[in-house]
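Visitor: Could you put the whole structure together from the sequences, leaning on the hints where they help?
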Amino acid sequence: MYSLGGGEVKQQTNVKKRQEILRSFFVYDGVHDLNEVMEMLGVSESTYYKTVKEMTDLLYLDEMSKIGRQSNKEALQNRIKYDPYHNMQNFLGRLYQTDKIEETAMIRYALILKLLDHYGELSTTELLAKLGTHFLEESDLDHTASLDKRALKRYVDVLVADGLIVKSSRKGESFYRVQTLFDHFWEDELIDLHAFITFCTYAEIPAAPGFLLLDKLKEHMLKRAFIPQEKLEHTIYQYPYCGRVLDEYMCYELLPILEEGRSVKMRYSPVSEQRKQVVQKSRRSKELIEIIPLKIVFDYHFARWYVLGSPVQSVPGEELQRYRVDYISHISKGAAVDPDLLAQLREQCASELENSWCVNYVSEVTKVKVLFQVDKVETHGNFIKKKVQEQGQWGQITEEHEDGSFVWEIDVRGTAEIIPWLRSFGRGATVLEPVEMRNQMIADLREVLAQYEACE
Amino acid sequence: MKLVNKLNDPDFIDRLRLTNMNYEAEEIAIEAGPFVPTNTEKAWLFYFLRHEDTGAFLDADTRETLLRLLNDQQASPSLHNYLTEKGKPDIERAEAPLVKTLRSFISAETCMHISYQTNNGATYNEEGIPYWLMYNIAKKRWYLWWLRHDPECEPLQRRRLTPVTNISAVSSLDIDKTPYAEELEQLLPKYEDKRVAALLWKPLYENMDVQRLFHAFSSFEREIVEENGSYQLLIHYYPEEEKYLLSKIRLFGPHVRLLSPKALQDELIHSAKMALKNYTKS
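Heads up: the sequence lines are chains C and D, in that order. Per the working numbering, residue 10 is the first one in the first sequence, and the count goes up by one each step. Per the working numbering, residue 1030 is the first one in the second sequence, and the count goes up by one each step.
For the record, the hints were derived by calculation from the structure and aren't laboratory data. Predicted model only: the values in this text are computed from it and were never measured. For glycine and all other residues, C-beta sits at the position ideal for the given N, C-alpha and C. A hint or two may mislead.
Okay, the calculated bits of chain D under chain C, using three or more residues with CB under 8 Å as the criterion [to be verified]:
| no. | region |
| --- | --- |
| 1 | 1154-1166 |
| 2 | 1181-1190 |
| 3 | 1196-1202 |
| 4 | 1244-1257 |
| 5 | 1289-1302 |
DEER-style ranges, computed between Cβ atoms [as the list claims (entries may be wrong)]:
| no. | chain 1 | residue 1 | chain 2 | residue 2 | range |
| --- | --- | --- | --- | --- | --- |
| 6 | C | L231 | D | E1255 | 23 to 33 Å |
| 7 | D | K1302 | C | D347 | 32 to 42 Å |
| 8 | D | N1110 | C | A452 | 38 to 48 Å |
Guide: What follows is the structure, given as structure tokens:
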């Protein structure tokens, strides 16, 4: 049985702590409850305040002056409020910069990179000699002077493994050079690349690595290529789900487990308890479970992450379980899964996801028939039709009428999830079939009207 | 594939910013950096370069060079291999080349000649200065904020927001942009213009998840007020966001009640009445 090392477990706990504090400030704006958060995370008040301070510092980095007279909590809260025109950066991405490097290691890594950057390719011997004679700050010498060949190897190996430098061997000696990326491009190209990465972080998933990349590219552009900041400001992004980036941490932790075809042990707060009308009230009860993870699902409608998996004790053919990623914590690798079983489960997973509008437990497929009507067809085309074609997944238009109205059909597992989408069309969408769904829509509309009549 | 990597520690990055190094008691000037991405970051970029339409952003040459430099990420594990995206809008990206041109105009503060149509079909050929591109993530559409050239008219009345798909042509114009410069600042929607909508969460079923509601409106500035165990969401929105806000509120059907503003509430009631009429007549 394989499990994560102590360091990784500690990192996971730390990131989870920061993630939940950020989430709590972001999602529960106004009802963020210190006691709830402490209880959920199992941390003391001093740890809570320490983490809030840590995150505030990280979110303001070079702009500490902007904190002003606000408390750390207020400052944190204000920083993560997104406003398309005035507060455009998604600072939640900073969660991924929270791992600290020990001082000696930091000084050594930095000097190695600086030397290779300045002198170009160096052999181990040359690098070692230069480390003994160069420093960035005088106090560095205490940390770098004592380096020997073996110790140096440990450092360069990490830099090679993470892709920051490249190693080559000639005549029995190893040579190292920086693996440059941004240096290969002109100013205009860098501006374009910056725009592309920014776009992907807002509009695509996953986005977390993009935030890290963007910060480095920005550093490169401002400090190394001397491109003025104004050239990077040209686009406003409307309606991003900034919070979705927080859950990507667990998804990336699951990635090696999925790659290796293993089971995963994790703590999970069951959804049934969560679905009450409370904020975080029942998050304490966390079951320890072991499952075979199969797919990660992202639902664009509500910007949520799920994992589909099979509990290790379940019998073949049993329905797979859907887990909310934000309710998962403390994951560790389990045993390797028999390849035949894994293949079979993956097939089952694909078939359970087929024809489902997002993520649910319904297996029966229903034909839904909807009449879409338009007020008037604009010169630029039928906007409702365009929206249905773009967002209607695998549904098909089966009838079109001269006035621009049309009938759309879809075979879907469970009708509950598709209803909110249809409601968003207002009077534009009328359900024709099935009759139960049609009646439900009518009852809902009556309920809406009754509410307002009652309050008038 | 480490997402949280100690080599992204801000103190470490800060150290790489240094532009002096000491060698035998002498200071030598060095470049800031190098700011090098990790494999996880490179693999991420490699994936999107291969799978996303990059036409609105990169020249073919830039893309090719990037792909070549990142080629060692070919075999990197990708989250996408295990990912199913549900409900991702499927959009044609016809506006791509124009977006790239417009971005370069904005970066270089270039004035332009623009030919466009309005939604009712009228065609215009005008001069002006583009100042912001706007991308609506929900609709996956590009828009252009620009200022029409007309000295007779107040800046706010010359402000235009045009969907990029409605633009048929743009070309750069060598005219003096100075008259615009001061005006651009005041053109973006202002905080003070924001309105507040109050939405009460009143689910019909006991087991409904309030987080879904908080999450759905998370792209707006909002506050949650808890009163006797029920939640009210105060949503701050710009007047031009009203339509989108309404469609979001409608999504929750009878499980929410809009308390204010009255105009929005009327709109909601009207649309529910019309929808019900559609059911009763068919």
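Visitor: Look at the Cβ atoms of K1302 of chain D and D347 of chain C and judge whether their distance stays inside 32 to 42 Å.
Guide: Taking Cβ atoms as reference, K1302 of chain D and D347 of chain C lie about 59 Å apart, which means the hint is violated.
Visitor: Mind taking a look at whether chain C covers the region 1196-1202 of chain D? Criterion is 3 or more residues with CB to CB distance under 8 Å.
Guide: violated (count 0)
Visitor: Taking 23 to 33 Å as the hint, is the beta-carbon distance of L231 of chain C and E1255 of chain D inside that range?
Guide: Violated, at about 43 Å.
Visitor: With a Cβ-Cβ cutoff of 8 Å, does the region 1154-1166 of chain D contain at least three residues near chain C?
Guide: Holds, because 6 residues of the region 1154-1166 of chain D bring their Cβ atoms closer than 8 Å to Cβ atoms of chain C.
Visitor: Using a Cβ cutoff of 8 Å, are there at least 3 residues of the region 1289-1302 of chain D near chain C, or does the coverage claim fail?
Guide: Held - the region 1289-1302 of chain D has 6 residues with a Cβ nearer than 8 Å to chain C, which meets the minimum of three.
Visitor: Is the listed coverage of the region 1181-1190 of chain D by chain C valid when you require three or more residues with a beta carbon under 8 Å from a beta carbon of that chain?
Guide: With 0 residues closer than 8 Å to chain C, the region 1181-1190 of chain D misses the three-residue bar; violated.
Visitor: N1110 of chain D and A452 of chain C, beta-carbon distance inside 38 to 48 Å?
Guide: holds, 43 Å
Visitor: At least three residues with a C-beta closer than 8 Å to a C-beta of chain C: is that true for the region 1244-1257 of chain D?
Guide: holds (count 10)
This entry does not satisfy hints 2, 3, 6, 7, going by the numbered hints stated previously.
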